[in-house]
Every structure is written in C-alpha cells, then in structure tokens.
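J.: Heads up: the sequence lines are chains A and Y, in that order. For what it's worth, the numbering used here labels the leading residue of the first sequence as 211, then goes sequentially. For what it's worth, the numbering used here labels the leading residue of the second sequence as 462, then goes sequentially.
Be a bit skeptical, because a hint or two may be false.
[To be verified] Residues from chain A that keep clear of chain Y, each with C-beta distances beyond 12 Å, as calculated:
| # | residue |
| --- | --- |
| 1 | Gly-282 |
| 2 | Ala-334 |
| 3 | Leu-378 |
| 4 | Leu-653 |
| 5 | Asp-658 |
| 6 | Ala-661 |
| 7 | Leu-685 |
| 8 | Leu-688 |
| 9 | Leu-689 |
| 10 | Glu-705 |
[Claimed, not checked] Some chain Y residues close to chain A (C-beta under 8 Å, calculated; not the full set):
| # | residue |
| --- | --- |
| 11 | Met-528 |
| 12 | Leu-531 |
| 13 | Pro-833 |
| 14 | Val-881 |
| 15 | Leu-885 |
| 16 | Leu-886 |
| 17 | Ala-896 |
| 18 | Ala-937 |
Quick caveat, the hints were computed from the structure, so don't treat them as lab data. Glycine is no exception: its CB is placed at the ideal position from the N, C-alpha and C atoms.
Letter by letter, the chains look like this.
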Amino acid sequence: MMAAAYGLLPLAALLTAVATAAIVFALGDARRRQRTFWNLFGAGTKLALVLLMAHGVLQGHTLEVAWPALPGATLRLVADPLALLFAVLSSLLWLITTVYAIAYLEGSGQRARFFGFFSLCVAATFGVALAGNPFTFFCFYELLTLATYPLVVHRGHSAALAAGRTYLGYTLGGGAALLAGTAALYVAVGEQPFTPGGMPAVAEWADRAPVAATAVLALLLGGVAVKAALFPLQGWLPAAMVAPAPVSALLHAVAVVKAGAFGVVRIIEDTYGYALAAELHVTPVLSALAAVTIVYGSVRALAQAELKRRLAFSTVSQVSFITLGVAAGSQLALIGGLAHLVHQGLMKITLFFCAGNYAETLGEHRIDALNGAGRRMPVTSAAFTVAALGMMGAPPLAGFISKWYLGIGALAQGQGWVIGVLVASTLLNAAYFLPILRRLWLLPATRDWPARAGRAEAHRGLLDPVLLTATAVLLAGLLAATPLSPLGWAARIVEQGYPGL
Amino acid sequence: MAAGGALSLPLAFLLPLLTALVVFLLGARRAPWLPGIGALATVAAVADAVRHVAAHGPQAYHLGGWMPPLGVELYADGLAALMLAMTAAVGLAVTAYAGPYLHDGHHHQEAERFWPLWLVQWAALNGTFLAADLFNLYIMLELVTLTAVPLVAITGDRASLGAAMRYLLLALLASLAYLLGVALLYGGTGTLHLRQVGELVGAGGPAAVAAALITAGLLLKGAIFPLHTWLVPAHSNAPAPASAVLSALVVQAGVYLVLRLWLWTFPALLSPAVGWLLGGLGAASVLYGSLQALRQSRLKPVIAYSTVAQLGYPLLLLPLAAVPAAAAQAWQGAAYYIVAHGLAKAGAFLAAGNIRYSLGHDRLAGLRGIAPELSVSVLALGLAFVSLMGLPPTAGFLAKWQLLSGALGGGQWPWAAVIVLGGLLAAGYGLRVLAMALAAAPSDEPVRRPPQRLPRRMVAVPLLLALAVYLLGVSAVPALRLLEQGAPEALG
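Using the sequences and the hints, build the whole thing.
T.: In structure tokens, the structure reads:
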C-alpha cells in the first residue's frame, strides 16, 4: 500500500501543478488572496513532493508511473537522479518565482491567466524532467511551448505579440523537427526507455543504417537546440525579452532553455549514448556549435544597452556550457555541464530578478541609467554583484565550480581548445558585467529616483527571492564538495549512470 | 446478450427521429425539455451499441427479420461504433448548447425550425454509419443533406440563403453522381450490400466508373479540395449550433464513407495510382485549407477553412493502406483523426458562437482586449485549436502520431511531410486567432459596451467538448481496441 502510493509520487507532483493551474483559472482575476494562497500552496506542495522523491531515489527506490497512450507508445514518468536534478531545480525556483511574480504583477491585469499558465509551464517542465522515453519527452516539450506563449505575450502590446510570433516560429519549428525525429526513432527501434549510456536497440540500428541514424539524431538535436538557444537557433531568446521579469526568469532559468539543454543530455547520453554519437561524428559538431554560441552570445551581449537584453545574450552564451559539457565526452566535463544546469539557473534568475527590481522600483531599463543605483538599492545590487561574479566564474561562486570541471574534463579528453573558449568567455563576461558593477557602485547617481516608500529599498516580495537565490549562488559554490550540492548530485548521476565515459 | 445489443442499432436511428416528430407536432416552445430527453435516450442507445460491439464484435440487425439482399440490414463494426459515439457526444453537447442559444427571446423562429431539422439529421447520421447497403446509404445521405441545407439557411438573411442555395445545388449534383454509380454497380452485381458488392465487383471498367462517380459525389459532400467551395460560406453563416454539427458531423460523414467504401467495397480497385490520387486530394485539402485559414479576417471562416484542412488527413490513409508496413497505424490514425476533429471542431465552433453571441461580431481585429466574461470561451477555443494543430496532450496529437508513424514506417516521406507541414500551418492560423484574443485593447479605443451576458450552459458546453479531446489525449488505446472489431484484414 505504502509502496504503491510511493510509486505514484511522480504523477501526484505533476497533477499538483495542473490542479493549481485549474484552480487559478477558475478563481478569476478578482479573488487575489485566494489565488495567492493556492499559488503558494501548489508550489510548496510540489516542492515537498519532489524532495520526497529525491529522498526515495537516495534510498535506491525506483519511482515510476506509466500508462499506454497508443499501441506502441507509453506515457512514462520515471524519477531517476538526472530527472530529479532538473525537477528539484525547477520546483524550487518555481516557488521563489511565484513569490516574486505575486509582488511584481500586483496591480496589473490578467493575473489569473498569467498564474494559470505559469503553473502549466511548471507542470510541463516537470514532465520534461521525468519523461522516461522520447515520446513522453516530446509531449511535455511541446506542452511547454504552448504554455509559455501566453506568458511571453502577457503585456499584449504589439511588441509583445511580435516577440510571441518569433518565439512560436522558432519553437514550433523545432517541435516539428523533434516530432519527425521521435516518430522516425520509434519506427526504427520501437519504444525504448531512456537508458544511461544509450539504448542498445539504437546502437544495433545505427550499425545497420548509420545514415538514417545520423539523420534522426540531427533532427532530434535540431529540435531541442531551438529551446537550448544553440547558434544559429538562438534568435527567439533576446526577442522574448519584452515579457515581464518573472517570465524572463522562467524562460532563462527555470524552464524553457533548461528543457532544451536537458533534452541534449537525454538524447546524447540516454538515447544514442555518447560513444555512438561520437562515432556518428555528431559530438564534434555539437561542441563546435556550443563553442561558437558561447563566444557569439558574449560578443553580442557586449553591445546591448538594455540590461535585460544583455542578460538574454548572456543566457545564450551560458546555457551552451551545458551542451559543451555533454559534447566533450568525459565524466568530469559532464559533471560540470550538469552542475551548470543548476548553477546557471540560480545565477540567471538572480540577475533577472534584480533587473526586474531596477525596472519596477526605479523605472530603469537601460544600463547607462543605473549609475549609483548601488547606494539606492544596496541589497539588490549586492545580489546582482554576487550573481554577476558567479557568471564570470570568480571563485568560490557557483559558476567557477562548473567552469573548473568543464575545463579539467575537456583537458582529460585532450581537448585543450575548450580551455581557450572558457578563458574567452570569462574575459567577455567580465567585459560586459564589470562595467555594470562599476556603474552600480562607483559612479555617482545621475537621476532623481522616487524616494523609498518604507524602510526597505523595494517591496519585500521582490527582495526576499533575490536574497534567497543570491545566497544559493554563494552556497552552491562554497558547499560544492558536499554530496547534496548541485555538484555533488551531478557527480552522483555521472558515477552511477555513465561509468563508461 | 447479443440480441439486446443489436436492438440498440435501430434505436440509435429511431429515437432521434421519433423525438423530431414529437417536437415538430408539439412545437419546440411548448416542450423545450423534449430534445434533451430524446438526446439522452439516443446517447443511451448508442452507448449500449458501443458496449456490445466492444464486447462481442460487430453487430448486425435485420429489419423485420429479412436477410439481405431482400431485407434492410443495420451493421455496426468498430469504426461505425466509434463514429456513433463521437456523433452522440457532439449531438448531446449541441443539444445542450442550442437550448439556451435558441430560447433567449431573439431566436424563436429559428428554434421552431432547428429542433426537428437537427434531430432528423442526427437520426440520418446514425443511419449513415449503420447502413449496410448502398441504396439505404443513399437515402441516409440525402436525408443528411436535406436537413443540412435548411440549417444553413435557418436565419433567413441574404448571405446564408445564398450559401444554402449553393450548398443545395452542389449537394444534389453529388447525390446524382452517387446514385448513378450505385445504379451501375447494381446492374453489374445484382446486389447493393456493401460487402457483397465488394465480393462480386471486379476491377473492370464499369466498376471503376461506378467507383469514380460514387467517390466524386462523396468528395463533394466531404468538401475535399477542389470540391470544397461551398463549405466556407455555408458553415460560417449558419448559427453556432448548426455550424458545429455541419463541420463536426455532416462533412465528416462524407469522408467516413470514402474510407468505408474504398476499404470494404472497392479494395480491389485501390491501386497505388488511385491511392495517390485520393491521398493527393487530401494533401491538397490540408495545405490549401490551412493557407486559406491563415488569410481570413473573421473567426468563423478560419474555423470553416480549418475543416477543409482537417478533412484531408483521413484521406491520407488511402495511399498508405496499400503499404503493408504503414497500413495498420495509418488506419488507426485516420479513424482517430475523425473522432478528434469532430469533438475539437464542435468545441471550436460553439466557442466562436459564444464570442459572436456576446460581441455581436467575430472579426479577428475586434478580439483585441476581449472582455474577461469571454475568457472561458477563449480558453475553450484555444484548447480545441491545440488539438486541431495536432499538439500534445490531445486526441488530435495521438491521431497525428499514428498517421505519421504509419507514413514513416512505410517509407512514404511525402505524406509524412504533409502531416508535419499541415500541423505547422494549423499552429499558424490557430495562434493567429489566439494572439488577437490575448492582445491588449488599443489604448486609443473608446470603452466598449459590455458584451451580452452568456447563459452558463453556453459557457460550459464548449469547454467540456474541448476537455473531452484532452481526455481522449491521455490514451487512445480503448478507442483503438474498439476499432479493431470488424476491421479489414489488410489493416489488422
């Protein structure tokens, strides 16, 4: 009895987010207090369920729910360590982002719609994380596209609609490639669960038909590369910057780009297996593209005058570290890439929250208007500084840990050029983050900002999330050696799942 | 209890017919509850029939105990049961929706006409799915057409009268072609029974001519490109409940019969060339309908063109049915497509009806800043569109996946490309509409008058129809198991 209920945990966590969405839709715009309660209750419950699952996985349990959707295609949710890495990240950040969004959107219209789709997004992200086979992965991946669209166009003005069109053009195009690839994979090898090290049936198939297998792999990777914002498919991400700050946080840190990067991991490591992907000459192309994206995103970020746009290009660059870690093909690099999945999320969500605070409290969107903002908003600016230094890879912050593992991992594979990419990225990151820090702290204020309303520099709901995530950036770096840190968990995934790398 | 199950076949036809008669005699105003009772009774009969087909295989009922070729046979296999069930779901929803829609004080005249027409049409649709011979099929098809045309014209305004007249003339032409084909077959084989004709008819010239005539008639009734021209004015000018049944049921009956006849009666004639021709028309429908839907400036024509596009998918089965590696999955996909499209399209048209009812128009540009009172209807519209796009987690997606898997499994790349491209185009026209509904009102616009209040039932019905598509999106396995009952061996 207990065991059966335990096994249903993945479904319960998924349905928690769906039910939250349904309740929020049903409550409508007017009932603010009830909506806030259900939002926080749903997010909290889901986090609790996910942590319970993580506990179960640590005990060595397998949590699995599956039912047949079609003859030959099963919807299957499995809690393995890799799934939980992403699920814990997204559930935790969902709770924090909900708190932030409630404060941020106070007084704006269509909040029921916003929070309803927000919950659906997280349900979809959870499904992507726990998908136990390519069919399930595709279903939730597409659901994520649909659920994020109303959030991207939330403001409803023509710039938002145009950004929404761009977003859909890219993501639905990617979705079509992923659909064709997944269906072709099923036709070729039937249904296979995600298997660490690759599906044996795929290896046999690739032996028989290497060209078809390569083409399908290209379709699959092309599909997820859109959301992972891999060059040259990154165009939607900066365009989607018109969305409100909590949505940017969702796109950049919690859900969308992460779903893409996570898809790369599932396809390379758990569908084809690294060895086969390398044999088909796909991983060198992938690491080259990741390297190009890292440098390209950083160079473009340099030229942006608007804070959120600069951060968006920074995401383009940073997310590709995950892909790079996968494509490098050593255990250490994969650990670095997976840890970066979490680290980048924590750092980027902090940065976007801060950008939102500047916009909301001071009304500033441009970087050159932030002179002296550090004195007006010290807490926000301190958090920004921590996250920015982390992005640059300054020890002992989270970003340093991932880059370190990526670097030594690549060296172990004899790919010294990756060090060059890392150095270039660090220099470029410094070149676009340090001037912001200089303006915040060193330059005198040039603008008359509205006086503080109370004792705090901004609404508590905007400030507490920032403090939490900035602290997490610090702790993820300082406590990296502990087994339950992102790095520790990533190491556990790799040691258990991919001993052969 | 096979006999009890068989009895529910004639009941599925007779109950709506009887209700129509009583409503006609009493007048809809004096007995507003009667259509609801009749609908529930029909649903119960259909549920019983479906249960028996699922449990005991195909069911046959011989009227008066006479065997074919002399007597009339009603026959329900898995495909027919699936169509009956989908029709029952849409029929119940439309009946529930039409009550408050018609009895609100503005539509008295329409109400008097709508109920008998719609209930006879429901009977005729059930008769179409159950008919086992070509002549009864002709009668049922005529009955469907002759009730569909007045439903288009029911408001009596100039646009709908013109659309109805065009529909009537083309539909009669279609009936004529069909009847001519039937006469040729009867002359050649001496029987009209669907399977007997299939056993006796050769692959010779007269049979081919007959098949061509019958198919042309059905393609016209099914609004397949290039014979779709009548559909859009007819379906977009009819009142909401009529639009829903016309698009979700009436034209789909035409497409259903194309599949039924080619797979059961003329399989010998289904050469690769014929398959490619019919599949090509389906593909052209998919692409042309979607592209036209992208260009419309009003909501109902978008949905009507989407019908043209969606009806093309089931026809893709015909070229795939001849490829052994593709046939089984494509067959499941095509049948499930009809079910998914029926529910989603009825939901979409009823939701659009709410928007029109409330705002007094359905111009896309006028949807900007749409009132919060309509948010449930917009949600229902959006949910239904997701299924039409073939995206998860809907029945439309599962159908598309099966069809696509069939095409890829058989190495039929062109059809696979059409399926993927059609989905992208559907996403284009669907999200173009939804973007307008999500957009904020232009700030320079004066405050709009509050929209007319929607009765609660009209708000709930489209949402429930749309949600049904998601329920069927969780698993297609029960429906596909039903479909296996009496499926042609080539598709097993």
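J.: Hold the hint about Leu-886/Y up to the distance rule: shortest CB distance to chain A must be less than 8 Å.
T.: Violated, because the Cβ-Cβ distance from Leu-886/Y to chain A comes to roughly 10 Å (cut-off 8 Å).
J.: Over 12 Å from every CB of chain Y: does Leu-685/A meet that, or does the non-interface label fail?
T.: holds (37 Å)
J.: Let's test the interface hint: is any C-beta of chain A closer than 8 Å to that of Leu-531/Y?
T.: violated (40 Å)
J.: Does Ala-937/Y pass the interface hint, meaning its C-beta sits closer than 8 Å to a C-beta of chain A?
T.: With a closest approach of 5 Å, the Ala-937/Y hint holds.
J.: According to the definition I'm using, a residue is off the interface if its beta carbon is farther than 12 Å from all beta carbons of the partner; does Ala-334/A meet that for chain Y?
T.: About 10 Å separates Ala-334/A from the closest Cβ of chain Y, which leaves it inside 12 Å; violated.
J.: Given a cut of 8 Å on the nearest C-beta pair, is the interface hint for Val-881/Y held or broken against chain A?
T.: It holds, given that the least Cβ distance between Val-881/Y and chain A is near 5 Å, below 8 Å.
J.: Taking 12 Å as the cut and beta carbons as the points, is Gly-282/A off the interface with chain Y?
T.: Label violated. Min Cβ-Cβ 8 Å, cutoff 12 Å.
J.: Taking 12 Å as the cut and beta carbons as the points, is Glu-705/A off the interface with chain Y?
T.: Fine: 34 Å to the nearest Cβ keeps Glu-705/A off the interface.
J.: Does the closest beta carbon of chain A sit nearer than 8 Å to the beta carbon of Ala-896/Y?
T.: holds (5 Å)
J.: Have a go at the Met-528/Y hint: is there a Cβ in chain A nearer than 8 Å to its own Cβ?
T.: violated (36 Å)
J.: Does Leu-885/Y hold up as a contact with chain A if the rule is Cβ-Cβ below 8 Å?
T.: holds (6 Å)
J.: Decide, holds or violated, for the assertion that all CB atoms of chain Y are farther than 12 Å from the CB of Ala-661/A.
T.: Correct as stated: the minimum Cβ-Cβ distance to chain Y is 29 Å, above 12 Å.
In the structure shown, a violation is registered for the earlier hints numbered 1, 2, 3, 11, 12, 16, in ascending order.
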